[in-house]
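Peer 1: Residue-level listing of the chains:
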Amino acid sequence: MHWGCFSIFRIRESHIRKIHYSTALGAIGLVALHISVRFATGSFAASLSYENVISNYQNLTYALLLELILILVSVHGFNGLRGIFLDYRSGYKYEKTVNWGCFLFALSIIIYGTITIILANQIKI
Amino acid sequence: MSSLSVLYDFWHQRIKVIWPYILAKIIQSLNKENKKGLRTWLNPTGFGISRVSWLLMRISGIYLLVFFVVHVIHAMSILDRMTWGKLLFLTYSPAGFIVLSIMIALAAFHAINGIRLMLNQGGIGIGKPARADYPYQIQSMGKKNRLCIYVTMGVSALALYFALGVFFNF
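Residue numbers (our numbering), protein chains in the order written: chain A, 1 to 125; chain B, 1 to 170.
Hint data in this document are derived by calculation from the structure and do not stem from the laboratory.
Not one of these hints is a red herring.
Here are the simulated lysine to any residue pairs, SDA-like style, with alpha carbons at most 25 Å apart:
#1 18/A - 145/B
#2 86/B - 47/A
#3 124/A - 75/B
#4 18/A - 125/B
Kindly produce the complete structure, drawing on both the sequences and the hints.
Peer 2: Listed below in structure tokens is the structure:
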């Protein structure tokens with residue numbers, strides 16, 4: 001049995017591909033919603049005003065949407081980058097470094113974005 | 001001496017030693033026979049439209065990932081009104097609008113081409129297996145698939161036109 005890359009969790013490559021596709025489909029829908037919200041609130045400029053963005057973060061549904069986008073796009077994006085790096089070269093040490101590097105980068109971006117969402121949720125205007 | 005300049009000196013000393021080694025390694029890898037690295041990676045000629053779509057898929061993926069990481073880091077500035085204002089000033093510049101417009105166009109390409117690839121991997125749209133007779137025809141790259149790639153490129157070009165129109169009001 002061949003255990004794929006992401007061997008830190010011992011997930012098979014075929015399962016990683018399914019995760020890649022499902023995160024892609026989820027991200028397409030949610031990012032389309034996120035972009036349309038920016039244009040639906042009158043003008044693009046008005047939607048990015050400080051008060052409007054803070055009110056977006058303090059809306060629980062929208063905050064959840066942002067968190068979901070953060071997770072889906074991070075997982076999809078860094079898994080894609082991992083694929084590009086693994087296509088470029090091979091080797092046990094190299095693959096291990098790429099797997100861990102992409103995993104840690106994705107995790108740190110998710111943590112960083114989540115901190116932003118939580119702190120912005122507590123701001124009082 | 002501040003701790004920041006000590007840190008800077010520490011890294012500067014190391015980078016000064018390491019970078020010629022990295023450069024030599026890159027040059028060495030480019031010169032190896034049958035291992036042309038990025039030169040081949042970035043050359044889409046000689047393999048038809050599918051090779052172009054493969055390259056565009058990768059370039060758009062990297063662009064979108066870089067955009068996403070910068071966007072997430074940029075979003076942290078909402079915690080301070082002044083910093084948010086300063087960074088918004090960058091977004092409202094012509095360069096900011098161009099970066100956003102390219103992002104929308106590449107996102108459209110990446111999404112539509114990605115769905116095509118998903119369907120292909122599921123066995124949809126790749127034709128039936130046939131004996132390889134001369135003149136050889138690639139079953140998986142039939143007319144429908146090629147048309148799909150051209151339509152995807154057209155849609156992303158339209159998305160670019162639309163985005164530029166919205167941002168620059170023409």
